[in-house]
Amino acid sequence: MTFALNEDQVMLKEAAESFYADKAPVSAFRQLRDAGQTRDEALWRDIGAMGFCGALIGEDHGGTAMGYRALAIVLEAGGQRFG
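Numbered according to the numbering used here, the sequence shown spans residues 1 to 83.
Honestly, I wouldn't trust all of these hints.
[Unchecked claim] The following label-pair restraints were derived from C-beta to C-beta distances:
id: 1; residue 1: Lys23; residue 2: Gly63; range: 18 to 26 Å
id: 2; residue 1: Ile57; residue 2: Met11; range: 30 to 38 Å
id: 3; residue 1: Thr2; residue 2: Ala49; range: 27 to 35 Å
id: 4; residue 1: Ser27; residue 2: Asp60; range: 34 to 42 Å
id: 5; residue 1: Leu56; residue 2: Pro25; range: 33 to 41 Å
id: 6; residue 1: Gly67; residue 2: Asp46; range: 32 to 40 Å
[As the list claims (entries may be wrong)] Straight-line distance between alpha carbons at most 25 Å, and here's what the computed SDA-like set of lysine to any residue pairs gives:
id: 7; residue 1: Lys13; residue 2: Leu56
id: 8; residue 1: Lys13; residue 2: Gly48
id: 9; residue 1: Lys23; residue 2: Gly78
id: 10; residue 1: Lys13; residue 2: Thr2
id: 11; residue 1: Lys23; residue 2: Glu41
id: 12; residue 1: Lys23; residue 2: Asp34
Calculated from the structure, these hints are not laboratory results. In this text, all values refer to a predicted model and were calculated from it rather than measured experimentally. Note that CB positions come from ideal geometry on N, CA and C, so glycine has one too.
Turn these sequences into a full structure, and let the hints guide you.
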C-alpha cells in the first residue's frame with residue numbers, strides 16, 4: 001500500500017496551499033476575531049467555487065466527486081495555515 005500522492009493529488013495540494021495562502025492569511029482571521037465575526041462569507045464562497053466543499057458529492061449533484069483522499073488533502077492544506 002502506498003501513500004504517495006499521484007500527479008493529480010500533488011496538483012490539488014499545490015492549488016489548495018496556494019489558495020489558502022492567498023485567501024486565508026492568519027491576519028484575516030485575526031481581523032474577523034477582533035471585529036467579533038465568526039466567518040468570512042467571501043472566503044466560503046471562494047472555497048465553494050474552488051470545488052473544495054463538493055469533494056464528496058457526485059458530479060450529477062453539482063459536486064466534484066474527488067473522494068476522501070482529495071478532501072483530506074484540501075483539509076490538511078487549510079489546517080496548515082493555523083497549525
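Can you name, in rising order, the numbers of the hints this structure does not satisfy?
-> 2, 5 and 6
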